[in-house]
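With chain A's structure known, arrange chain B with the ligands on it following the hints.
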Amino acid sequence: MKVAITSTGNSTDAVLDSRFGRCSWFIIYDTELKSTEFIPNPNIDSIEGAGIASARLIASKGAEKVISGEFGAKVKGVFDSLNIKLIVIKEENKTIKDIIKLFQK
Amino acid sequence: MIVAVASGKGGTGKTLIATNLFALLSKASYNVNLADCDAEEPNSLIFFKSTKESASEVRQMLPLFEPEACTYCGKCEEYCNYNAIFLLPEKRIFRLIEDLCHGCGACTYACKFDALKETEISLGEVGMYRVNSKSKLVEGRLRVGALTPVPVIKETIKASLDSEIVILDAPPGTSCPFIHTISKADYVLLVTEPTPFGLNDLKLSIQIVRQMEKPFSVIINRAGLGSDDVYKYLKKEKIKISMELQFDKEIAMIYSSGKLVIESRADIYQKFVKLSESIIHN
Ligand code: SF4
Ligand code: SF4
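Order-wise, the sequence lines are chains A and B.
Read in the numbering used here, the first sequence has 1169 at position 53, and its numbers run on one by one without any break.
Read in the numbering used here, the second sequence has 97 at position 82, and its numbers run on one by one without any break.
This is chain B alone, in the form it adopts within the complex:
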């Protein structure tokens, strides 16, 4: 079973939930993996004592243009489905818009004049960390300046699938990286906080998760802050709240010192036990 822990924006406590849930299940000797898919800022690793087992680089093909060989025939531009090639034959201008390039290779295939060579760039790394004999943490880490995190996220998820339960710490936002992560999940936990911004982002995420027809429930973090608008909304939409964590300075301090909350707070431990039961027996 694959569970994604997600939120529309950063800082709602998504990693707090993902790491504590993972810790609880791994201590209960489930076969469980945690995949940190927040590749732009992975930070799940600090909560665990682990040993690095291996790492692999994620690469993408990038066409390399050879101006001397180019006849400006326009074939490459025609083949590119992503508008990544900007060609002005009359001015003999060729430009590759790297941000738009998906490395599909259609242009290098199309060019009959050997003016496009295939090179590779590194997008990032997938690291495997052993936490105990039945669980590991897989961390996706984007190279600084890399154009898109999606291929790194893909590989991170792939590397984490060899387990009974997989928890995905999803990237924030509601764009491609988020959608890709959710698409792999059997169940989605949406983490929010009861503030107007939180509610707004929650609505956007719910819209996407519903479109993708994924079963989901909501976790309210820092309950007691803000207003009860989020509760009214969830009630109206008949959405299940699977856990509530009260706003609590101590929790915030434990988290920010890189420790697991379930290890020092029995009340929170109990909440995570209930949460894990509700997901596993879903």
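Isolated chain A, as found in the complex:
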């Protein structure tokens, strides 16, 4: 299964980015291959609809779960209808490494 995580940087030492649509990086973690892919968010500067464009990017990568600090209502609607699960983590300063560990147990 693939999991998408919003990140403030392009390494697993970076911390979670609390914004979904306008996060700095997307990290796609593959729980079977234990591989990570880093994608810079092309939608940071979108005037409108950054969340929708980011949702599209993540869905096209085949992620089944998405982890971020918050999701807007429109984005939630789209992910729900695609059956992609959303996980909200409110702890700031949680590193990507720590989040990945949650999936390795």
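Don't take each hint at face value.
[Said to hold, decoys possible] Result set (SDA-like, lysine to any residue): computed pairs, CA atoms no more than 25 Å apart in a straight line: (1) A:Lys1213 <-> A:Lys1190; (2) B:Lys106 <-> A:Leu1149; (3) B:Lys106 <-> B:Glu83; (4) B:Lys149 <-> B:Ala70; (5) A:Lys1201 <-> B:Lys289; (6) A:Lys1210 <-> A:Thr1124; (7) B:Lys289 <-> B:Arg237; (8) B:Lys169 <-> A:Glu1164; (9) A:Lys1190 <-> B:Thr123; (10) A:Lys1190 <-> B:Asn147.
These are calculated hints, taken from the structure and not from any lab test.
For chain B with the ligands alone, coordinates are given in the frame of chain A:
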């Protein structure tokens, strides 16, 4: 001359100012119109005896998706500048995010397979009400559940421009509807109250009005409440206070019973005379 009466948040007395100023000018037989641009909750009309002259519906194009015709080529998504189309060709998923759609028609133009048809939805109504031979009230009213008030506000302002003086009762907040209304004004009156929240919203509005390079001044409503922080701030920033209305239960009662304060309070009438002179001779 177009004067916008605005405030960063609702409930500061913006409509009180706009309606009384309008009433004063129309009684002084100026050619004056009032445009109620607070389309989500227009309430200027209750203060006037008027006759409805006409109404027009504000519509917006909305693309209608025909799944049988779609080849999932992706052209529509590419043409949409507003991220309103969510397309996943691999899963044959097309979704229109109506809240983001501006009705620009780029997608229906782009689709070469007739999979996007043009339909129309109603966003609201612009009503014209005659108050006297030289003045009318134009009311923008958003349809319940409509996605954006901006097109309705645009049409409301357009319909009110056939007069020497136009007063715009601006929508509250500091987002698109507010900005659009301010952008049409020659002069802005920012209404605030001397509370910490009031000051905070006032600062935000001032920032925007300054960015838009609009001449403006501030009206302090319910003066005597809260603290004098707002006065200190305005002094420091060298911003003009064009009127002050003391906190007064009677004013609040007159207003909430749908009546004009200038009609029953000579002292307030005088204040509005001064205000109108300062704006017109600005
Ligand atoms: S342009 Fe037309 S055919 Fe192509 S994906 Fe969009 S709706 Fe479908
Ligand atoms: S009408 Fe314009 S804004 Fe709406 S979906 Fe089509 S291209 Fe996007």
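Structure-based check of each hint:
For the hint pairing A:Lys1213 with A:Lys1190, the CA-to-CA distance comes to about 29 Å; that exceeds 25 Å, so the pair is violated. A distance of roughly 23 Å separates the Cα atoms of B:Lys106 and A:Leu1149; the hinted pair therefore holds under the 25 Å criterion. The suggested pairing of B:Lys106 with B:Glu83 holds, with an alpha-carbon distance near 15 Å, which does not exceed 25 Å. At roughly 19 Å between alpha-carbon atoms, B:Lys149 and B:Ala70 fall within 25 Å of each other, so this suggested pair holds.
For the hint linking A:Lys1201 to B:Lys289, the alpha-carbon distance of about 61 Å lies beyond 25 Å, and the restraint is violated. Between A:Lys1210 and A:Thr1124 the CA atoms are separated by roughly 11 Å; this keeps the pair inside 25 Å, and the hint holds. Using a Cα cut-off of 25 Å, the hinted pair B:Lys289 and B:Arg237 holds, with the two alpha carbons roughly 18 Å apart. A distance of roughly 20 Å separates the Cα atoms of B:Lys169 and A:Glu1164; the hinted pair therefore holds under the 25 Å criterion.
The straight-line distance between the Cα atoms of A:Lys1190 and B:Thr123 is roughly 22 Å, inside the 25 Å bound, and the hint therefore holds. Of the pairs offered as hints, the one joining A:Lys1190 and B:Asn147 is violated, with about 46 Å between alpha carbons and a cut-off of 25 Å exceeded.
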